[in-house]
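Chemist: What follows is the residue order along each chain.
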Amino acid sequence: MDAAAIDRSLNRLAHEILERSPEGVALGFVGIHTRGVPLAERLAKLTQKFDPSRPVLPVGQLDISFHRDDIGRAKPAPKITDIAFDVDKEHVILVDDVFFTGRSVRAALNALVDIGRAKTVRLAVLVDRGHRQLPIRADYVGKNIPTSIEEKVEVRLSEIDANDEVIVSGGTV
Amino acid sequence: MSKAFLFKGGRVIDPANGEDTVRDLKVENGKIVKEFSVANGEIETIDANGKVVCPGLIDIHVHLREPGQTAKETIATGTQSAAAGGFTTVVAMPNTTPPVDSTATVSWIIQRARETGVVNVYPTGCISQGMAGELLAPIGSLKKAGVVAITDDGKCIQNNELMRRALEYARMFNLVVMDHCQDYALTAGGVMNEGYWSTVLGLKGWPAIAEEIIIARNAMLAELTGCRVHCQHVTSAGGVRIIREAKQRGVPISGEICAHHIALTDESLKGYNSDFKMNPPLRTQRDIEALLTGFADGTIEYLASDHAPHCNYEKEVEIADAPFGIVGLETEFALFNTKIAKAGISSLPKVIEALTVKAARLLDLPKGTLTVGADADVTVLDPELRWTVRKTQLLSKSKNTPFDGTELTGRAIFTMVSGRPVWSLEKGILV
Amino acid sequence: MKWTRKDFIDIQSLSREEIELVLDTAASFKKVLERPIKKVPSLRGKTVVNLFIEPSTRTRVSFELAAQNLSADVISMAAESSSFKKGETLKDTALNLQALNAEFIVIRHSAAGAAQFLAERLNAHVINAGDGAHEHPTQAMLDTFTIREKLGTLEGKHILIVGDILYSRVARSDIWSLTKLGAKVTLVGPTTLLPEHFRDMGVGVVHDLDSVLPQADVINLLRIQHERQSKAAFPSLGEYIGVYGLTRERFKKCKPDVMIMHPGPINRGVEIESDLADCGNSVILQQVTNGLAVRMAVLYLVSGGAVGGVE
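Protein chains in written order, with the working numbering: chain A, 1 to 173; chain B, 1001 to 1431; chain C, 2001 to 2311.
With the rest of the complex left out, here is chain A:
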């Protein structure tokens, strides 16, 4: 996926999110560190552009390090969790870049529950590459990319990396 394709996916995601969310309800976008955070910000801007009447909530960021199920095996480097709105009262859209095993989303749900009891939680992802290991599904998917388990899917975003692109590498052809 190149920059234009990513743009198109996000535009479509924003429209879908608006269509399926009740009229006038504020949307609490929360990005999962690291690349879910800029994606959440982009989606927040797009939904605001497409529906300026909707109330605006600050975009949150969620670090799932403390809730991972591979602690003790991974080398930790945690980031900040910062959600400025009252989770208890709002509808949350969790945003991540690549949807893979489902383990990050599981950790993110637990981390979010520790912060508050959101009215609803929906999941939006840029890429769904399959190979779920947990019974979790996404509500909004930018693009389905079928992959083999050995392949790597890397999302690059201009806020963090040099440019916008999605690269699939390392698979056997």
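Fair warning: there could be bad hints in the mix.
Simulated restraints on C-beta separations [claimed, not checked]:
{"#": "1", "chain 1": "A", "residue 1": "3", "chain 2": "B", "residue 2": "1271", "range": "52 to 62 Å"}
{"#": "2", "chain 1": "C", "residue 1": "2016", "chain 2": "A", "residue 2": "144", "range": "39 to 49 Å"}
{"#": "3", "chain 1": "C", "residue 1": "2020", "chain 2": "A", "residue 2": "165", "range": "22 to 32 Å"}
{"#": "4", "chain 1": "B", "residue 1": "1313", "chain 2": "A", "residue 2": "88", "range": "54 to 64 Å"}
{"#": "5", "chain 1": "A", "residue 1": "5", "chain 2": "C", "residue 2": "2061", "range": "54 to 64 Å"}
{"#": "6", "chain 1": "A", "residue 1": "135", "chain 2": "B", "residue 2": "1313", "range": "49 to 59 Å"}
{"#": "7", "chain 1": "A", "residue 1": "136", "chain 2": "C", "residue 2": "2044", "range": "17 to 27 Å"}
{"#": "8", "chain 1": "C", "residue 1": "2095", "chain 2": "B", "residue 2": "1392", "range": "20 to 30 Å"}
{"#": "9", "chain 1": "A", "residue 1": "136", "chain 2": "B", "residue 2": "1388", "range": "57 to 67 Å"}
{"#": "10", "chain 1": "C", "residue 1": "2061", "chain 2": "B", "residue 2": "1313", "range": "29 to 39 Å"}
{"#": "11", "chain 1": "C", "residue 1": "2120", "chain 2": "B", "residue 2": "1388", "range": "16 to 26 Å"}
{"#": "12", "chain 1": "B", "residue 1": "1138", "chain 2": "C", "residue 2": "2192", "range": "41 to 51 Å"}
Result set (BS3-like, lysine-lysine): computed pairs, CA atoms no more than 27 Å apart in a straight line [claimed, not checked]:
{"#": "13", "chain 1": "B", "residue 1": "1204", "chain 2": "C", "residue 2": "2091"}
{"#": "14", "chain 1": "C", "residue 1": "2184", "chain 2": "B", "residue 2": "1270"}
{"#": "15", "chain 1": "A", "residue 1": "79", "chain 2": "C", "residue 2": "2031"}
{"#": "16", "chain 1": "A", "residue 1": "79", "chain 2": "C", "residue 2": "2039"}
Stretches of chain C that chain A covers, calculated by requiring three or more beta carbons in the stretch to come under 8 Å of a beta carbon on chain A [said to hold, decoys possible]:
{"#": "17", "segment": "2001 to 2013"}
{"#": "18", "segment": "2019 to 2028"}
{"#": "19", "segment": "2033 to 2044"}
{"#": "20", "segment": "2292 to 2304"}
These are computed hints drawn from the structure, not numbers from a lab. Don't be surprised by glycine CBs; every beta carbon is placed ideally from N, CA and C.
Following the hints, put chains B and C in place on chain A, whose structure we already have.
Modeler: Chains B and C only, in chain A's frame:
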């Protein structure tokens, strides 16, 4: 077993006779001989080509721990360790259990050494009863029983009056007083040299001044009494300076360097490894340089190990609680060879001189020379042999060496005591 | 930057990046502590043993809470209840705890080097909660965290550490941490408790408190433990107060926004005049809160550090 041995083609270094020549050395019936009286077929030849043949080395500062502390070492294991280090004579310190302050203990050690020792053992006696630093030990009787010097090694007599009387009294018997120089008030709780590293590590400092104050006292008392005082394990630049000045005035004082004190500095303690904890402690590079200069200019004439075995369970505790000391007999020659001879501080014959004839003359031992007729205590050294210390391979019963895994240069390869081969690098202990 | 160490023993061997990782992680945990649910599941099912061979209520409580907030199970062993009186060695005690599947051993000991001694002999993660006069690394992390939180950076800040430096593990850990992050550190104390060797650690050594007070951004007052020092080190507490106590009069010489710190417990009226400890410049209680976040960060980080260290 053969009674005659031919050391063939070695570099014979016999400092007692000022000799350093390549020649054969002959041994028969336990003595050095000029010519063999037996037939050729009865002579065992030891190829010493490219090696050094010298009088058996003497260590004047060794803890054999027997009687009473045989979990650490015995006379048997300690003398085997000595043989493996090229030493044919060791002078045993009296801080055993009980300490050597009675003639019975002296006799026991001499007897035990005859039965179980593989090299010559000369005992020393205590200066004070029970090494308590309060009352004089029966020094005259100890001398008669066979001690070659008196010392409270491991402890230091703090009472200057008692030390003065000890020197006056020992002089009557022509005994050297060997002193472990340490002021207790200045070293209370001390673990390592007081300096940058003790500061960083948060370990209680053991200042050099604590040693120097006692060396200065000893110089003054030696001058007053005329008795020979030998300062054991000198470690500091200040100590060397005090001895140098005293000797220049003709005061009968001497000092010794232990191998670890010129091989390691207090920085070694930074891993809190108690195998680097000794008394007196490792000092600084500046002190090492002063010690080496002191040896080179003749201020410090004696070299020793302060072989101090301790069990691993005693050492493997918090460093402040661990006992002081390391084993040293098997690494001693290599360290002096490397740090003094190879480093160009002084020559190999000078190192051998300190470890043979000098040591023998200090304590009036009938040892330390290859003169015809002398006891055939002979060591063959390979000063070029590079080897790696492995604590598990040490013959000492204890393995508390800081040099485990260290590569050293120079090693004894064959040791003979009174015409009897006791150890070879190839075959180990031979008796 | 990722954490790779099995243990947390000292600050001296840490890089600036590692220190910053601890501080950043502590910042994450401080956010957790502000939530209604102050607990994360990171160490669920793991056992933390606080092995306190030297009594210390506040550090022990801080570690207990930190471990509980990480969902670990915690046991605290005090010197009185330990087997030390029966003659068991530290090594044997620790091996026994490990055999009971303790994954973390937090050790406080009166002997310098005790934490490293255990770290070398155990597969468990060892955390130093103060070893003799050597280091108290979590205290340094919380001090550094508190200064960074208030001042934004350590770079170029002038920090005084005042008191019994010679016997202080807090001073040593603070020196390494603060200087590695670019602060200018000056030690202040009597010559007998502040030997010149400290200069080689990259800090200033001063014996006249009044001469440096006006330049200080932070004053860290150490606890004076007169009973511990060699009796020859200084004459009396009264004399100490006169020469080094932070009095109202001395406080007037300081910058108006100077930060006052103390690792606790405070001797009111000795190191510091009582009401100064409670004034707006004092961050003494923030230090305690930050200590909890820092200890959570340390337990969390070492749990991912591999046995054998660096990748």
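Chemist: Would you mind marking each hint as holding or not holding in the structure?
Modeler: Cross-check of the supplied hints:
no. : hint                        : result
1   : 3/A - 1271/B: 52 to 62 Å    : 54 Å, holds
2   : 2016/C - 144/A: 39 to 49 Å  : 44 Å, holds
3   : 2020/C - 165/A: 22 to 32 Å  : 31 Å, holds
4   : 1313/B - 88/A: 54 to 64 Å   : 60 Å, holds
5   : 5/A - 2061/C: 54 to 64 Å    : 55 Å, holds
6   : 135/A - 1313/B: 49 to 59 Å  : 56 Å, holds
7   : 136/A - 2044/C: 17 to 27 Å  : 20 Å, holds
8   : 2095/C - 1392/B: 20 to 30 Å : 22 Å, holds
9   : 136/A - 1388/B: 57 to 67 Å  : 58 Å, holds
10  : 2061/C - 1313/B: 29 to 39 Å : 34 Å, holds
11  : 2120/C - 1388/B: 16 to 26 Å : 22 Å, holds
12  : 1138/B - 2192/C: 41 to 51 Å : 44 Å, holds
13  : 1204/B - 2091/C             : 22 Å, holds
14  : 2184/C - 1270/B             : 25 Å, holds
15  : 79/A - 2031/C               : 11 Å, holds
16  : 79/A - 2039/C               : 17 Å, holds
17  : 2001 to 2013                : holds (count 4)
18  : 2019 to 2028                : holds (count 5)
19  : 2033 to 2044                : holds (count 8)
20  : 2292 to 2304                : holds (count 4)
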